[in-house]
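Trainee: So the protein sequences, as listed, match chains C and S.
If you read the first sequence in numbering that gives the first Met the number 0, its first letter stands for residue 0, the second for the next number, and so on.
If you read the second sequence in numbering that gives the first Met the number 0, its first letter stands for residue 0, the second for the next number, and so on.
It cannot be assumed that every hint is accurate.
[Stated by the list, open to error] Derived list of chain C stretches under chain S, where covered just means 3 residues or more per stretch with a C-beta under 8 Å from a C-beta of chain S:
1. 47-57
2. 99-106
[What the hints assert, rightly or not] Here are the simulated distance ranges between beta carbons:
3. S:254 <-> C:159: 19 to 25 Å
4. S:95 <-> C:159: 39 to 45 Å
5. C:29 <-> S:182: 41 to 47 Å
6. C:258 <-> S:323: 37 to 43 Å
7. S:254 <-> C:39: 57 to 63 Å
8. C:64 <-> S:203: 56 to 62 Å
9. S:88 <-> C:159: 44 to 50 Å
Calculated directly from the structure, the hints in this document are not laboratory data.
Beta carbons are placed, not taken as given, at the ideal position from N, Cα and C, and that holds for glycine.
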Amino acid sequence: MVAMSSFAAASQATPISHASSVGARIDVRHVSHRFAIKGEALPVLDDVSLSVEPGEFVALLGPSGCGKSTLLRLVAGLDKPALGSLHANGTPIDGPDPSRVVVFQDPTLFPWRTVRDNVGLGPEAQRNSRAARRSAAARDVGARIDAALELVGLSTFADAFPHQLSGGMAQRAALARALVNDPQLLVLDEPFGKLDSLTRIRMQGELVRLWQAARFSVLLVTHDVEEALYLANRVIVLSERPARIVAEIRNDAPYPRHRDDPKLVALRREVLAQLGLEV
Amino acid sequence: MSSHSQTLNLSALDEAGEPTRRDLRKPVVATLAAIAWFGSAAITQWWPDLDDWPYTRTLLILKLAFATLSALIALRGWRAIASAQSSEPRVNRWLAVAPWLLALALAISGWEIVTAKLEWLPRPFFAPPQALIAVYFDDFPRLSSSVFHSLGLLAYGYVLGALTGFVIGVSIGWSRAVGYWLHPILRLVGPLPPTAWLPLAFFFFPSSFSASVFLIALATAFPVAVLTWSGIAAVNSAYYDVARTLGARPSFLILKVAIPAALPSVFVGLFMGLGASFSVLIVAEMMGVKAGLGWYLQWAQGWAAYSNMYAALFVMALMCSGLISLLFRFRDRLLAWQKGMLKW
Chain C
0 MVAMSSFAAA SQATPISHAS SVGARIDVRH VSHRFAIKGE ALPVLDDVSL
50 SVEPGEFVAL LGPSGCGKST LLRLVAGLDK PALGSLHANG TPIDGPDPSR
100 VVVFQDPTLF PWRTVRDNVG LGPEAQRNSR AARRSAAARD VGARIDAALE
150 LVGLSTFADA FPHQLSGGMA QRAALARALV NDPQLLVLDE PFGKLDSLTR
200 IRMQGELVRL WQAARFSVLL VTHDVEEALY LANRVIVLSE RPARIVAEIR
250 NDAPYPRHRD DPKLVALRRE VLAQLGLEV
Chain S
0 MSSHSQTLNL SALDEAGEPT RRDLRKPVVA TLAAIAWFGS AAITQWWPDL
50 DDWPYTRTLL ILKLAFATLS ALIALRGWRA IASAQSSEPR VNRWLAVAPW
100 LLALALAISG WEIVTAKLEW LPRPFFAPPQ ALIAVYFDDF PRLSSSVFHS
150 LGLLAYGYVL GALTGFVIGV SIGWSRAVGY WLHPILRLVG PLPPTAWLPL
200 AFFFFPSSFS ASVFLIALAT AFPVAVLTWS GIAAVNSAYY DVARTLGARP
250 SFLILKVAIP AALPSVFVGL FMGLGASFSV LIVAEMMGVK AGLGWYLQWA
300 QGWAAYSNMY AALFVMALMC SGLISLLFRF RDRLLAWQKG MLKW
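Pulled out of the complex, with its shape left as it was, chain C reads as follows (with noise of 0.2 Å):
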């Protein structure tokens, strides 16, 4: 717990600049995909168009099963579009790329491998030949990690293994491991689901204070309407399956936010609106 409390503080005194990433522009135009479901086409996205600003922090809402997830996994470029185009900086998305990292639901930390270890993963996938290991860059490596740790609070737990972490460490190594990679776009989908609600609580507000530090694009998929207003410069709710985009809210509220100011109450009562979920 004290190690939580230190993540605030570091952040601000990172060695990690970003002075080279600015957040990437994403572009996602008239995207359709189905699923092929025992020969049959299941659809899940019906005409997606939405863009994403350098910098920016969109959420992406909806109900459960309705296609969010499928979108993050093509901005992502783990999967291709059955129709429509994604464009990240103005060039076609045709795989997975670092500069786009994703922090899935379950933190899928590789339990082999100590927590230091597992933040590597990236660096060290990236890293072309054997001459590579020895030079400066790898040496660099090493600080990149740990500034990373640091960041997270987990400098502590370098050289634990996966399965002697709580849940929110876990999914700490795992933004932790997301991040040591610079990345201009953090795609997150449902990072937050699976915590308690005061961990989870506590993880929004150091994400908004990481994202303000570094100012990279980030897309995040939630069903949590607070956590969407809380974090998000705009939200994109969309239907159930197959998704279509219902409705746009920009959130013009001043950063850090307080869960219940007034102007998120009166946008949330929106949000539940659009989603047909009156109150």
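Given chain C, put chain S in place with the hints provided.
Mentor: Chain S alone, transformed into the frame defined by chain C:
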């Protein structure tokens, strides 16, 4: 608060003062073991054998050594209780062996009585303990060279089979095309008992040694291949997604994701393969190879040397058990990250 610390003090006093019944039981057992070994030595010394058995003197010395060991353990146990330091780990570890020392003393005495002393068991088929000692002393060169040959043959066959099985398992698990061609072959040939190949193998291969290497490799490769394959197939696909978004290429996905994730299953295969390889090793040595423990058993049977067979069986048990322990030790080191592993 104060009453709490008082109870703590009281319980501490209790521990330091009267040793409990449980604490006393261990040194008592050790003392009994010492008495049993001395008694067993007395039987060897003063109850005459019906026949003249060489190496009875060595048996006596061995028994006295065990008696002394048991007595020393008992002494340390009593002293630990007297000085209230019963939690010294080394003493405790030795005390834990005491029940086995006692059981061993009784079993060996019983064995000696029904063989050498009374000859209730028919003579050539059942040998007294000193006959086994005689084998280990008199036939040491032949026995040790047999162990050496068996280990050599096993090492060739097992390593070859494990590597082949691993590569086959990984490639079936990874590549659809390889799976298409290899899977039916594996399904057809794998379940065949490797010993069924024996007549053909001895015919096709230039030497009985290479034939046996082939058979042992076959016995090892099948379980290793199947379990490696199933390990690779069962890898959580989210691991691949994570690695791909972090910029991993296919070689990284195989070497750093699929194989480490499959290793627990691979080790189950290596364990089963080792068991299978033992049985093929012994059969191959009995059938064709002119060296090794299997051959030694066969040879001893030809001479009706039953004590040699018992001695060889005991050595074989030690060898197989030792090899499996070695494999488990290796696994524990490699898979330290895994929780709740089977202990050997």
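Trainee: Each hint: holds or not?
Mentor: Outcome of the hint check:
no.	hint	result
1	47-57	violated (count 0)
2	99-106	holds (count 5)
3	S:254 <-> C:159: 19 to 25 Å	holds, 24 Å
4	S:95 <-> C:159: 39 to 45 Å	violated, 32 Å
5	C:29 <-> S:182: 41 to 47 Å	holds, 42 Å
6	C:258 <-> S:323: 37 to 43 Å	violated, 59 Å
7	S:254 <-> C:39: 57 to 63 Å	violated, 38 Å
8	C:64 <-> S:203: 56 to 62 Å	holds, 60 Å
9	S:88 <-> C:159: 44 to 50 Å	violated, 27 Å
Comparing the model with each earlier hint shows violations of hints 1, 4, 6, 7, 9; every other hint is respected.
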